[in-house]
Amino acid sequence: MDVIADLHVHSRHSRATGKELNLANLEKWGRIKGVNLLGTGDFTHPKWINEIKEELSEDDTGILKSKTGFSFMLQTEISFVYMQDSRFRKVHLLAYAPDIETAEKIASWLGSRGRLDYDGRPTFGMPCPEFVDALKSIDSKTEIIPAHIWTPWFSMLGASSGFDSVKECFHDTEKHIFALETGLSSDPPMNWRLSALDKYTLVSNSDLHSFWPWRLGREANVLSLKDLTYKSVFNCIKSREGFKETIEVNPSFGKYHWTGHRECGISISAFEAMKIKSMCKVCGKKLTVGVEQRVEELADREEGYVKKGAVPFRSLIPLSDIISAVIKKSVSSKAAWGYYNSLVKGRSEYDVLLSVSEEELIASSNGPIAAAIMQNRNGQIEVKPGFDGVYGEPMIGADGQKPKKKDQKGLKEFF
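Numbering-wise, the sequence shown is residues 689 to 1103 according to this note's numbering.
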């Protein structure tokens, strides 16, 4: 069976989320998207774990089921802020539990170290190795994956408060780290440029803070499994046997791909940023160093290197963003929803993005939207890079085609 898994999710108990982010809506929109395994998110939050226990059932597979049979896996994200080598380090880690009893033991241990009720993604001052050791002592079947490893803020390799290697972050507990989440602003080829990352499986997840289809499943993992169990999912990720592909957004679509300053309206490539030592010529402060630049700083391979035996990947922009770019209205506009609902009627969004014929797409929308979906499917849509918390922008004209290029401004023209 093919499982499309999005294993980095949040609940309404996390900051910057909506009140309607509950299990029912996660299931509803997961089905519409075409995802058939979701993380629960936030299992350390006392109210959320109670909802999980009330609404989902568990057996000995490690997979929780809703009343209608939709699959969830116990997952949470923890923030760590601490000093190491005279620098503040800020890292987010994903943690997975094989059953509710283990999840509650993890929450109990964390609760002895600080509060859990104020945020679904709580913050602790302990170093990452201490957390890994503790989880493995609670249950050896717990798993830990560093989250969005390149994001400038709160990530293992981030430019602002991360480390330069996995070993530097985890010390002796590195032996328990087998996978890395690439995040929206990087893709597998960017990670292949670091030989030190070769031994880790690269995974992709949405890190959703809302259930809407332009967030849920925007990145995911496609696994071919004999049966769906907690053990089979992680065996697949660890061995890469049956790991068919990851679904990625174009890394330029991510909020931190390029280096820049949102307030100053400056966004520049890694090479331009490195020429000016990442300093903003408008305000004189340091620019927010983007993922592209951070990869360039740590890479020991040239751009374009292809890792032998790597898990395949495909780049897809969410359907709502494609529609929005064509009709020049927001993803949540009435017009955008009209086209979206027509396209996914009787099928999933992934079906629309990957397999529905162009003729059927035209019948369910119009020529320009169908043309843009086909370009998306073929990896032909360029994206204006995101920077400093601003999402990238798909470059699609009102006719569904790539707009004509204007002469690009050089760095000097910004000042």
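Keep in mind the hints are simulated off the structure, nothing from the lab.
There may be inaccurate statements among the hints.
Now the in silico label distances, taken between C-beta atoms and shown as ranges [claimed, not checked]:
no., residue 1, residue 2, range
1, GLY1055, LYS996, 40 to 48 Å
2, GLY1055, GLY799, 33 to 41 Å
3, MET689, SER745, 15 to 23 Å
4, ASP852, THR749, 37 to 45 Å
5, LYS1072, GLU951, 24 to 32 Å
6, GLU743, ALA987, 40 to 48 Å
7, GLU990, TRP841, 39 to 47 Å
8, GLU990, THR756, 31 to 39 Å
9, GLU1047, LYS824, 50 to 58 Å
Glycine included, C-beta positions come from ideal geometry on N, C-alpha and C.
Taking the hints in turn, this is what the structure says about them:
no.: 1; hint: GLY1055 - LYS996: 40 to 48 Å; result: holds (41 Å)
no.: 2; hint: GLY1055 - GLY799: 33 to 41 Å; result: violated (57 Å)
no.: 3; hint: MET689 - SER745: 15 to 23 Å; result: holds (20 Å)
no.: 4; hint: ASP852 - THR749: 37 to 45 Å; result: holds (39 Å)
no.: 5; hint: LYS1072 - GLU951: 24 to 32 Å; result: violated (18 Å)
no.: 6; hint: GLU743 - ALA987: 40 to 48 Å; result: holds (45 Å)
no.: 7; hint: GLU990 - TRP841: 39 to 47 Å; result: violated (28 Å)
no.: 8; hint: GLU990 - THR756: 31 to 39 Å; result: violated (50 Å)
no.: 9; hint: GLU1047 - LYS824: 50 to 58 Å; result: holds (54 Å)
In terms of the numbered hints stated before, the structure departs from hints 2, 5, 7 and 8, listed from lowest to highest.
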